[in-house]
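Participant: Now for the letters of each chain:
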Amino acid sequence: MADLLIELFSEEIPARMQARARADLKRVVTDGLVQAGLTYASAGAFSTPRRLTLTVEGLNDHSPTTREERKGPRTDAPEKALEGFLRSTGLTRDQLEARDDKKGQVWFATITKEGRPAADIVAEVLEDAIRNFPWPKSMRWGSGSLRWVRPLHSILCILSDEAGATTVDLTVDGITAGNTTRGHRFMAPDAFTVNNFDDYATKLRRARVMLDAEEREAEIRQQCDNLTFARGWTVVPDDGLLSEVAGLVEWPVALMGVIEDRFLDLPPEVLQTSMKEHQKFFSTRNPKTGRIEGFITVANIETPDDGATILAGNQRVLAARLSDAAFFYENDLREANSGMTAWADGLNSVTFHNKLGSQSDRVARIAALAREIAPLVGADPDQAEQAARLAKLDLRSAMVGEFPELQGTMGRYYALAAGHDAAIAEAARDHYSPLGPSDEVPTAPVSVAVALADKLDTLTGFWAIDEKPTGSKDPFALRRSALGVLRLVLTSSKKVAFSSVLPHPFRRAEADRFINSFEDAPLILGSGISKPLLHSIESWNAEEPLSSFVRMEDENVPHNDRERVVAQMRADVLAGQPEKVRDLLSFLHDRLKVYLRDQGIRHDIIDAVLAQDGNDDLVQVVNRATALNAMLTTTDGQNLTQGLKRASNILTQAEEKDGVEYSYGADVKFAETDQERDLFTALDTAEPAIKAAMMSEDFPAAMAAIAALRTPIDAFFEAVQVNTDSQIVRRNRLNLLSRIREAGRQVADFTRIEG
Amino acid sequence: MTSPNQPRSFQEIILRLQTYWATKGCAVLQPYDMEVGAGTFHPATTLRALGSKSWAAAYVQPSRRPTDGRYGENPNRLQHYYQYQVIIKPSPPDLQELYLGSLRAIGLDPMVHDVRFVEDDWESPTLGAWGLGWEVWCDGMEVSQFTYFQQVGGHDCKPVSGELTYGLERLAMYVLGVEHVMDMPFNDPDSPTPLSYGDIFRQTEQEYSRWNFDQADTEMLFQHFKDAEAECARILGAAETDSAGRRIPMAHPAYDQAIKASHLFNLLDARGVISVTERQAYIGRVRALSKGCADLFLTTDAGGATA
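Which chain is which? The protein sequence lines are G and X, in order.
Under our numbering, think of the first position of the first sequence as 24, with each following residue one higher.
Under our numbering, think of the first position of the second sequence as 95, with each following residue one higher.
No wet-lab data here; the hints were simulated from the structure.
Incorrect hints may have been included.
Claimed, not checked - If you want the footprint, here are the derived chain X segments under chain G, 3+ residues with CB under 8 Å:
id: 1; region: 185-198
id: 2; region: 208-216
id: 3; region: 222-228
What the hints assert, rightly or not - The calculated DMTMM-like cross-link candidates involving lysine to aspartate or glutamate, where the alpha carbons are at most 20 Å apart (straight line), are:
id: 4; chain 1: G; residue 1: K668; chain 2: G; residue 2: E678
id: 5; chain 1: G; residue 1: K303; chain 2: X; residue 2: E236
id: 6; chain 1: G; residue 1: K226; chain 2: G; residue 2: E325
id: 7; chain 1: G; residue 1: K160; chain 2: X; residue 2: D214
id: 8; chain 1: G; residue 1: K303; chain 2: X; residue 2: D215
id: 9; chain 1: X; residue 1: K118; chain 2: X; residue 2: E106
id: 10; chain 1: G; residue 1: K94; chain 2: G; residue 2: E106
id: 11; chain 1: G; residue 1: K303; chain 2: X; residue 2: E229
id: 12; chain 1: G; residue 1: K49; chain 2: G; residue 2: E150
id: 13; chain 1: G; residue 1: K299; chain 2: X; residue 2: E236
id: 14; chain 1: X; residue 1: K118; chain 2: X; residue 2: D188
id: 15; chain 1: G; residue 1: K160; chain 2: X; residue 2: D215
id: 16; chain 1: G; residue 1: K616; chain 2: G; residue 2: D639
id: 17; chain 1: G; residue 1: K299; chain 2: G; residue 2: D347
id: 18; chain 1: G; residue 1: K299; chain 2: X; residue 2: E229
id: 19; chain 1: G; residue 1: K160; chain 2: X; residue 2: E229
id: 20; chain 1: X; residue 1: K252; chain 2: G; residue 2: D196
id: 21; chain 1: G; residue 1: K226; chain 2: G; residue 2: E242
id: 22; chain 1: G; residue 1: K299; chain 2: X; residue 2: D214
id: 23; chain 1: G; residue 1: K160; chain 2: X; residue 2: E217
id: 24; chain 1: G; residue 1: K378; chain 2: X; residue 2: E372
id: 25; chain 1: G; residue 1: K303; chain 2: X; residue 2: D214
id: 26; chain 1: G; residue 1: K517; chain 2: G; residue 2: E720
id: 27; chain 1: G; residue 1: K378; chain 2: G; residue 2: D497
id: 28; chain 1: G; residue 1: K160; chain 2: X; residue 2: D250
Unchecked claim - Facing chain X, from chain G, some residues (calculated, C-beta under 7 Å):
id: 29; residue: E35
id: 30; residue: P37
id: 31; residue: M162
id: 32; residue: R163
id: 33; residue: W164
id: 34; residue: S166
id: 35; residue: F209
id: 36; residue: Q302
id: 37; residue: N323
id: 38; residue: I324
id: 39; residue: T326
id: 40; residue: T332
Ideal Cβ placement from N, Cα and C applies to all residues, glycine included.
When you get a sec, could you build the whole thing from the sequences and use the hints?
Facilitator: Given below as structure tokens:
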């Protein structure tokens with residue numbers, strides 16, 4: 024048994040790549056060792072900015088010798104066949120053995136593969152790993168052709184056991200593996216030898232390198248806590264920043280500074296973002312004022328002046344950065360106070376998509392849609408429309424130009440500065456949400472209206488220009504938008520009938536697409552048709568008088584031109600629209616399935632619900648699916664499903680055979696058995712109960728009502744033969760089954776339920 | 095930062111860098127005599143990064159970025175500034191150490207400061223060039239760009255050049271402890287005629303900012319762009335042998351026109367007359383010129399072609 028230690032020592036590895044690289048090194052090397060026949064007890068990978076390290080413990084000294092027996096041609100087969108067999112096994116004829124088989128004598132070959140020393144295998148596997156390492160981006164340097172993330176300087180590769188360490192014999196593009204490494208770039212730059220992993224980690228620590236990123240993170244956290252504790256402050260937690268910073272230092276030394284008073288009026292998000300993005304500083308908060316008043320920078324060195332020079336330098340850099348931010352903020356506030364009209368104009372010149380027009384076209388569409396959605400989610404339509412018009416203005420602000428991640432956040436500040444309602448300002452901030460699956464979902468009605476409108480405009484827009492996601496390609500993140508729609512609707516539990524909502528944004532998107540499809544859009548608009556007018560048209564029916572979508576007062580435009588353009592628009596804009604609405608709705612359903620599957624609701628259960636009417640109200644779909652799911656976990660529910668399916672099967676077969684539909688006229692007077700009569704009674708009770716429950720969308724009650732049919736249905740099938748000789752009785756029973764089927768259909772399509 | 099080893103003026107920092115890189119074997123060149131956006135555009139970098147021949151050069155390059163003009167008011171932004179550029183091919187294995195030596199030479203001791211190499215990939219769409227490297231941070235400030243060129247003009251760099259770019263004003267302001275660029279001593283403050291950066295450049299920053307943003311004749315600039323583009327294409331397409339039968343491909347004269355086109359594009363951009371969609375098209379046109387020049391350079395002696 025031996026332990027393997029590998030270190031690949033290079034120039035600074037980007038922080039964001041280190042975690043993946045650790046995992047890849049471990050996977051690639053251990054997989055290679057195992058494939059070559061070695062086994063090992065455990066492995067661990069580490070990284071610092073300058074090194075990738077792998078330790079593998081309990082590795083065999085040799086790969087095992089293997090014997091493989093292979094059956095060849097019969098001994099009386101043609102010479103050609105034997106030659107082929109010898110070639111493929113690499114043996115000579117005298118090494119073969121003739122054995123009796125079922126149909127005569129057959130040649131057998133025994134191929135022995137001698138085990139190989141671990142060092143040879145390690146050398147091969149490591150060279151292969153280095154040459155084919157899956158870096159997201161790699162480079163060449165000097166005159167060589169080797170690729171690595173940054174220039175690779177040395178390779179440490181040793182196998183060690185009780186007897187000591189041996190260096191693995193390996194040279195990759197002129198770099199020969201050895202048993203030495205170096206410490207911290209400045210504090211301990213000299214090379215030293217190592218014997219095994221423990222020795223390596225200990226000596227590195229002495230040479231001012233903490234090998235383990237997790238340990239560096241813990242150390243940074245600890246130092247931050249100590250620094251802030253002394254002052255009675257707290258660190259604003261930021262795990263992403265923490266792991267990035269841990270990837271930038273080998274020996275973390277946290278230093279805390281105070282933000283100058285003149286910057287403390289900046290919004291905390293601005294302070295935090297500027298410090299994080301530009302300087303990789305942590306923010307610290309003064310709990311007495313609730314403000315961010317300080318910063319922590321993590322240096323990579325201990326200095327004779329205890330970091331005084333470093334801190335002073337960082338402080339100066341921060342002051343320059345925050346002066347810029349303050350300058351932007353003041354200018355932006357001035358624009359906000361004067362009504363933000365310059366920003367609104369500016370959105371005209373920002374292209375959203377060349378087929379869908381500018382950002383201001385998009386804002387116009389979103390505003391109209393937000394107004395339509397508002398009543399459905401309990402928002403005031405005027406407020407929703409106004410919020411939508413304001414929501415994207417901050418894209419033109421200097422601050423968002425500098426820090427795109429502050430979009431929305433700044434929108435709120437500027438909307439407030441411009442004197443708008445808090446609800447409108449918050450919608451400006453929250454209308455991008457939710458972005459990810461775990462992102463917080465807005466619940467304030469105006470925010471929900473604008474957030475929904477924003478996402479539905481994205482979806483209908485890209486559907487209108489046929490840019491739907493395909494396979495793994497989703498360049499416009501439409502799946503994310505769809506998930507956002509679902510979460511908004513479900514979280515606020517609002518009834519939004521998408522099949523009646525979607526045609527409106529579609530028509531506007533199609534109209535914009537139509538306009539932008541002309542090289543010379545003004546020509547079309549010159550015919551007297553304005554964009555807002557196009558958007559506002561309620562219906563594109565051919566019966567609609569021309570005057571409803573053309574400004575008739577524009578006498579310069581010949582009447583014929585108008586008619587021609589309008590006819591063209593009608594044809595173009597309306598074509599395929601119902602199909603696209605259906606398609607988008609089914610895309611939403613697909614996302615809903617994924618979403619509900621993650622919540623533990625089976626695919627077939629959702630399908631059973633989606634097959635029903637009313638499936639465009641997603642809240643209702645989810646409530647039905649949840650109730651159905653709950654019922655199906657009970658014995659009653661499972662047996663009921665069987666009974667319903669059985670009823671449906673018998674009925675379908677009979678209907679096919681007889682060529683008629685059995686759907687009406689079951690009469691209790693033709694019932695021959697108590698079980699039949701009981702079922703009639705049960706249905707008489709259940710049917711109105713189900714109907715009432717469905718009407719009031721009380722799905723658990725509907726499920727309870729239908730579940731009550733389980734016992735009578737089971738008893739009925741137990742006692743009764745449906746297909747009897749008496750045609751009257753048979754027809755009556757089939758009609759009775761049809762009542763069962765109908766009762767089921769009220770709730771879900773049970774035939775889709777599996778098992 | 096008051097020890098006797100500390101430089102006292104902007105020019106002293108430049109002189110120390112010149113001396114340092116000269117002792118490390120670089121040919122100390124003079125600035126290229128054309129308007130460029132960055133030191134990389136100097137043919138000593140762009141063209142010499144191509145081909146197999148070894149190369150080592152260092153130089154100051156005055157650079158112009160018309161959109162960065164702030165009438166001399168912003169403490170850190172200028173439309174005309176200086177870059178210090180070092181290019182060594184093939185990149186030596188100790189390039190990082192050499193670089194750190196240059197920081198020591200200008201008074202930044204890495205044992206007292208926090209010097210870090212932070213990922214930053216470099217790409218120049220107009221040059222059809224990219225490389226991997228870092229921005230070098232000193233106490234949280236970016237003091238240099240450090241790049242291993244992978245491609246220039248669409249050609250793989252073999253061998254790879256190592257390129258160092260120092261933003262001289264920002265670096266010097268940090269070393270000298272100055273808050274506003276215009277307050278920075280240009281020559282020794284104890285000279286008989288002490289001159290600040292502002293004494294030399296405040297007025298020109300104002301003049302050029304006005305011209306760049308408001309006055310430049312865009313019709314004329316568009317025409318000059320077309321002229322440069324046409325002349326570049328003509329030079330690239332000219333017969334390789336002259337009337338005396340000598341083979342003289344004219345890679346450098348052609349490249350001058352590409353540089354011109356690039357700067358004219360920057361001026362037009364500053365005047366705000368290039369829309370977002372047109373932007374890409376203009377960048378593509380300049381890139382096509384750069385690429386043509388790179389192709390031609392590779393057929394020349396300096397480009398490593400064997401006759």
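Participant: Hints numbered earlier in the text: which of these fail when held up against the supplied structure?
Facilitator: none
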